[in-house]
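Assemble the whole structure, with the sequences as input and the hints as a guide.
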Amino acid sequence: MSESTRLSVFKTYKLYVGGKFPRSESGRVYEVTTATSAAGAGGKGKWLANAPLSSRKDARDAVVAARKAFGGWSGATAYNRGQILYRVAEMLEGRRGQFVREVGEAEGLSKSKAGAVVDAAIDRWVWYAGWTDKIGQVVGGANPVAGPYFNLSTPEPTGVVTVLAPQESSFLGLVSVIAPVIATGNTVVVVASERAPLPALSLGEVLATSDLPGGVVNVLSGRTAEISAPLAAHQDVNAIDLTGADAQLAKELEVAAADNLKRVLRPRAEDWTAEPGTDRLTSFLETKTVWHPTGSLGASGSAY
Amino acid sequence: MTMDKHSLFEYAPAPESRSVVDIAPSYGLFIDGEFTDAADGKVFKTVSPSSEEVLSEVAQAGSEDVDRAVKAARKAFEKWSALPGSERAKYLFRIARIIQERSRELAVLETLDNGKPIKETRDADLPLVAAHFFYYAGWADKLGHAGYGPDPRPLGVAGQVIPWNFPLLMLAWKIAPALATGNTVVLKPAETTPLSALFFADICRQAGLPKGVVNIVPGYGDAGAALVAHPDVNKVAFTGSTAVGKAIAREVAGTDKKLTLELGGKGANIVFDDAPIDQAVEGIVGGIFFNQGQVCCAGSRLLVQESIQDELLDSLKRRLSTLRLGDPLDKNTDIGAINSAEQLARITALAETGEAEGAERWTAPCELPSSGYWFAPTLFTNVTQAHTIARDEIFGPVLSVLTFRTPDEAVAKANNSQYGLSAGIWTEKGSRILAVANKLRAGVVWANTFNKFDPTSPFGGYKESGFGREGGRHGLEAYLDV
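These protein sequence lines map, in sequence, to chains A and B. Numbering of the first sequence is given in the UniProt record's numbering, commencing with residue 1 and proceeding in unit increments. Numbering of the second sequence is given in the UniProt record's numbering, commencing with residue 1 and proceeding in unit increments.
Since the hints were derived computationally from the structure, they do not count as laboratory data. Hints should not be assumed to be uniformly reliable.
Said to hold, decoys possible - For lysine-lysine, the following DSS-like pairs were computed, each having C-alpha atoms within a straight-line distance of at most 25 Å:
#1 Lys119/B to Lys79/B
#2 Lys413/B to Lys68/A
#3 Lys439/B to Lys134/A
#4 Lys68/A to Lys317/B
#5 Lys413/B to Lys317/B
Stated by the list, open to error - Derived, one-sided and incomplete: chain B residues facing chain A with beta-carbon distance under 8 Å:
#6 Phe35
#7 Leu261
#8 Trp362
#9 Asn448
#10 Val482
What the hints assert, rightly or not - Ranges of calculated distance between the beta carbons of each label pair, as one might list FRET restraints:
#11 Arg97/B to Arg268/A: 36 to 44 Å
#12 Glu275/A to Asn382/B: 53 to 61 Å
#13 Glu428/B to Ala146/A: 24 to 32 Å
#14 Gly97/A to Thr255/B: 43 to 51 Å
#15 Asp123/B to Arg268/A: 44 to 52 Å
#16 Ser431/B to Gln98/A: 45 to 53 Å
#17 Asp232/B to Arg101/A: 46 to 54 Å
#18 Glu31/A to Asp232/B: 22 to 30 Å
#19 Glu168/A to Glu428/B: 39 to 47 Å
#20 Asn80/A to Thr406/B: 22 to 30 Å
#21 Gly141/A to Asp123/B: 35 to 43 Å
#22 Ala146/A to Ser17/B: 27 to 35 Å
#23 Thr406/B to Ala247/A: 27 to 35 Å
#24 Gly141/A to Ala14/B: 36 to 44 Å
Treat the numbers as computed from the prediction; the structure is a model and nothing was measured. No residue lacks a Cβ here, since even glycine has one placed at the ideal position from N, Cα and C.
Shown next, in the form of structure tokens:
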């Protein structure tokens, strides 16, 4: 049997929640097609797959998984988190061909352009892997208070963060919004690009084999507006990144997020190919300041 | 042993002189460098909470006045933000120095308008106010070194709404970093404590601050809401209740306004069985009765290890029985007046809820003055986590006592709150301090101390206690376009 006549094996794309790969509890799927600008195609390209159409119950389950993972992940050493993020880059490098194909189909890119996108995404994991044990020194430190106190400020992760991944940049943009959030010890529920969710769902398979504890990253696909509404209103979500929301949706979600004072990162113009600054790291960090008396070694001054 | 505190602690009255402060019968809004009436001519009275004496009549800003103030701030922004940082710094240094010079006057004024003891305004509020301006003055020409890029830019006009519990200190926390970074401000002080902000306007005049850089619009919630909603405000900073903070967060949703919120708290003060009892008692007292407990970071939940509960509570009650409640201007006064009749009613209602839900009430034996707003130091035992007084911020001199057996239980109970502003840890064991501090979801953790503040030290909350930090290098971020 010649290679050209062999029927290929399709992949069933599934969600990635709590380290497992469930279908949507709703049993719903939606059609994902290649990107096309061809006239007459009505914006619809070739059929690629049926992706899970997540429900609000899927969103809630993902939050439960993310909360469960938070203690362990935020308590892991920064060195350990860096090693795991680096491991993600290693695993991606090995599956580069698959992602070049998926990103090319998702974004309508040539093989060489899609290759450049995937390379940049891999390098971004490496970049953030190096940040895990440096951000604490860059944004924290001792405060020279006017009194006999040891006074130290340290950054800590905010908690469970909902991320609406960018709609257009289905992979480099996705990695650019997930990696900084988990680098500092947060856990994530990410809503993939609505039109092009497949690279995100495949990333789940990479994360599952990168020593990343289950639940640290949870990937949902479906209608951004439908999934994000319950996440923005969820009382056990601590922050929301609105990058993938349009202006109207972003406003609605920001209003809902005020109910438990989630930290909100508003959408803005982004160049995903540029080197990121630290603001996506610091957007989901809290500063804790600890005081302790220093005492003194003798009332009239020590000889030391 | 029974204590007769009157025989042991009979103090002669030692009032600070009121003559150092000259309060005018009326004050205007401070807009564009001038004191002016409100557009609709409205005024309100500000009273001394310890005597209910009317101190002055103050112009009440409405939305038209807020608009005028924002326009003045916008107009001033261009030149102010273009000044070399070194020049802005010198204005702020001038302000810091004038505050130091006038600190006795301002302390007496604050005590009169707020009701807090003179020993607090004199020894805590005013020194911290001056220090805050001095600290941020030094940043104005060093912003490129603060870690926000080589040339971080200001946001524009900052709308700032502050509470009544530390009127001048909250003003300093808001205005000093805003001006250092090149913003101009419109500040609304609380309606019960407008005077020190208006005196500050006079300090701006003495310092030669360009007109429009600082605008003060005393008024009620409607003026604050108009300021927050104003389309030409670029930055909103609010300190106050969590409920209002949420309303503000909804209001600015979908805009480009940068928001920082410093809101309520229900701080857990955790005392382990190896803590030095006497020091812990002093820390507990300072934690909840400083400023009559009207402090967002108050240690209002005492979590005491079960094995030392009786000993600790005996010491605590003995200490509370010696606190001196009365004339806030008296230099020996520990507990001053509650800021307003409204706040007194809120504290009273929550304390009654505590009793109704089954907690056991103990009140320090002290006489309350016949006029003014007063609430005796009170503690509740047999409090569970489900009780209202263990969950809601009382913002008054009321301590809820809970117990725990293990460090894990202490951490779980401390974190069982919508809030996450402050916490305290009392133990002699260093590793336990660090382990517990690490697990507490709170922005400020005081170990073997409590209620310490410093301009270099970032302050602010986790969870529903708000977001953003005030103080330190961190405090610059709230006013920079980064």
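Status of each hint after checking the structure:
1. Between Lys119/B and Lys79/B the alpha-carbon distance is near 40 Å, which puts this suggested pair outside the 25 Å criterion.
2. For the suggested pair Lys413/B and Lys68/A, the alpha carbons sit about 18 Å apart, so the restraint of at most 25 Å is met.
3. A C-alpha spacing of about 21 Å is found between Lys439/B and Lys134/A, which places the hinted pair at or below 25 Å, so the restraint holds.
4. Taking the CA atoms of Lys68/A and Lys317/B, the gap is about 42 Å. The hint is violated against a cut of 25 Å.
5. Distance hint between Lys413/B and Lys317/B is fulfilled; the C-alpha atoms sit about 23 Å from each other, no more than 25 Å.
6. Because the beta carbon of Phe35/B sits about 34 Å from the nearest beta carbon in chain A, more than 8 Å, this interface hint is broken.
7. Residue-level restraint check for Leu261/B holds (minimum Cβ-Cβ distance to chain A is 7 Å; threshold 8 Å).
8. Here the hint on Trp362/B is broken, as its CB sits about 29 Å from the closest CB of chain A, past 8 Å.
9. With a least beta-carbon distance of about 6 Å to chain A, the hint placing Asn448/B at the interface is held under the 8 Å criterion.
10. For Val482/B, the suggested interface contact is upheld, since its CB lies about 7 Å from the closest CB of chain A, less than 8 Å.
11. Between Arg97/B and Arg268/A the beta carbon distance is about 41 Å. The supplied range of 36 to 44 Å therefore holds.
12. A hinted range of 53 to 61 Å for the beta carbons of Glu275/A and Asn382/B is consistent with their spacing of about 58 Å.
13. Separation of Glu428/B from Ala146/A is about 26 Å and conforms to the stated range, judged on CB atoms against 24 to 32 Å.
14. Remark: the range hint 43 to 51 Å for Gly97/A to Thr255/B is upheld by a beta-carbon distance near 45 Å.
15. For the pair Asp123/B and Arg268/A, the beta carbons lie near 46 Å from each other, so the given range of 44 to 52 Å is met.
16. Restraint check, Ser431/B to Gln98/A: a C-beta distance of roughly 48 Å satisfies the suggested window 45 to 53 Å.
17. Taking the beta carbon of each, Asp232/B and Arg101/A are about 50 Å apart, inside 46 to 54 Å as hinted.
18. Checking the proposed 22 to 30 Å range against Glu31/A and Asp232/B shows it is violated: the Cβ atoms sit about 47 Å from each other.
19. Between Glu168/A and Glu428/B the Cβ separation comes to about 58 Å, which falls outside the hinted range of 39 to 47 Å.
20. A hinted range of 22 to 30 Å holds for the C-beta pair Asn80/A and Thr406/B, which are about 27 Å apart.
21. About 28 Å separates the C-beta atoms of Gly141/A and Asp123/B, a value inconsistent with the hinted range of 35 to 43 Å.
22. One distance hint, 27 to 35 Å for the beta-carbon pair Ala146/A and Ser17/B, holds here, with the actual separation near 28 Å.
23. A hinted range of 27 to 35 Å for the beta carbons of Thr406/B and Ala247/A is inconsistent with their spacing of about 50 Å.
24. Checked against the given bound of 36 to 44 Å, the beta carbons of Gly141/A and Ala14/B, roughly 43 Å apart, stay inside it.
Hints 1, 4, 6, 8, 18, 19, 21 and 23 from the earlier list are contradicted by this structure; the remaining hints agree with it.
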